[in-house]
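Using the sequences and the hints given, assemble the complete structure.
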Amino acid sequence: MDKKNTSLVEEFQRYFTIEQALTQEQLNSVYRVRYRVYCEEFQYEPADACPNQLETDEFDVHSRHCVVVHKATGMPAGCARLVLADEQRLMPMERHCASAIDQQLLRSFDGRRDTVCEFSRLGVDGAFRRRPGERESRFGEISALEFSSREQRTFPLVAMATILSALALSELIGRPHCFAMMEPFLPRLLRRSGLLARPAGQETEYHGIRSPFYWETREGVSTLEPEFKEFYDAILADFSVSATSERRAASTQSATPARVQPRRRGWSPFTQALLAN
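Residue 263 in our numbering sits at position 263 of the sequence shown; the count goes up by one each step and never skips.
Wrong hints could be hidden among the right ones.
As the list claims (entries may be wrong) - Label-pair ranges, simulated between beta-carbon atoms: (1) 28 - 241: 15 to 25 angstroms; (2) 95 - 148: 23 to 33 angstroms; (3) 240 - 52: 12 to 22 angstroms; (4) 58 - 205: 18 to 28 angstroms; (5) 237 - 95: 26 to 36 angstroms; (6) 206 - 86: 20 to 30 angstroms; (7) 96 - 198: 13 to 23 angstroms; (8) 148 - 89: 42 to 52 angstroms; (9) 206 - 53: 31 to 41 angstroms.
To be clear, the hints were calculated from the coordinates, so they are not data collected in a lab. Glycine included, each C-beta is placed from N, C-alpha and C at the ideal position.
Take a look at the structure:
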């Protein structure tokens with residue numbers, strides 16, 4: 001791989017697409033990833049509650065979903081959702097972890113909860129986690145599927161692509177104030193990519209140790225490492241075109257997704273470490 005002549009965006013787009021899950025088929029692909037990760041692998045949710053092998057909950061109908069799809073196989077590789085807050089409806093963290101949240105921060109959005117969302121249900125299918133040491137993490141063993149070595153080198157980017165897609169979606173739909181309950185390692189990973197999440201409460205026990213965090217989307221992405229900012233801009237451009245295309249559903253011609261022109265340069269030390277064998 002010639003890192004000097006291949007951008008992060010190009011390398012990832014060689015093998016994956018990043019989509020909003022809008023159709024029932026796309027949503028089911030999201031729910032299947034969640035079932036494999038949350039029910040079968042980590043047993044956070046009871047598998048017998050999902051006889052169709054689709055993990056869903058009451059918050060899904062008030063959410064927007066993203067999915068990363070492997071081009072060669074059509075398999076969903078990763079997913080995330082944004083749960084949309086309103087003045088009457090609680091977000092998952094408010095329902096399950098209320099005592100851990102900075103209530104003063106949360107109350108500061110009273111009257112404008114239509115700008116707030118919760119980032120949740122992040123998962124990467126085990127087939128796209130390649131590092132033996134990451135077997136116990138949802139985000140980072142590879143299955144018996146046949147993938148080229150070059151292809152496998154992009155797999156650690158699936159989680160970051162999923163995170164960036166959720167961020168782009170929050171900007172696109174006017175929900176820039178994002179909360180999330182995170183495991184301790186995830187804020188550290190985000191900081192290394194340049195995305196700064198602010199603590200929004202204290203640690204609590206919920207499927208392991210979790211802490212609440214908050215970020216404002218534009219402020220958060222402004223500090224991204226250059227190659228991840230380029231990645232984010234490319235995702236946002238694609239999502240924006242998709243949204244425009246949806247609004248023009250009656251049009252006889254479909255829009256061609258806009259692409260951010262990748263810059264030719266070397267990758268940062270963080271990205272090189274992330275992709276290293």
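Hints and how they fare:
For the hinted restraint 15 to 25 angstroms between residue 28 and residue 241, the CB-CB distance of approximately 24 angstroms keeps it satisfied. Residue 95 and residue 148 have their C-beta atoms about 43 angstroms apart, which leaves the hinted 23 to 33 angstroms range violated. The supplied range of 12 to 22 angstroms is broken by residue 240 and residue 52, whose beta-carbon atoms lie about 33 angstroms from each other. At about 22 angstroms, the beta-carbon gap between residue 58 and residue 205 stays in the expected band of 18 to 28 angstroms.
For residue 237 paired with residue 95, a C-beta distance near 34 angstroms keeps the hint of 26 to 36 angstroms intact. Checked against the given bound of 20 to 30 angstroms, the beta carbons of residue 206 and residue 86, roughly 23 angstroms apart, stay inside it. Here the CB-CB span from residue 96 to residue 198 is close to 20 angstroms, well matched to the stated 13 to 23 angstroms. Taken as a hint, the range 42 to 52 angstroms holds for the pair residue 148 and residue 89, whose Cβ atoms sit roughly 45 angstroms apart.
A hinted range of 31 to 41 angstroms is violated for the C-beta pair residue 206 and residue 53, which are about 24 angstroms apart.
Comparing the model with each earlier hint shows violations of hints 2, 3 and 9; every other hint is respected.
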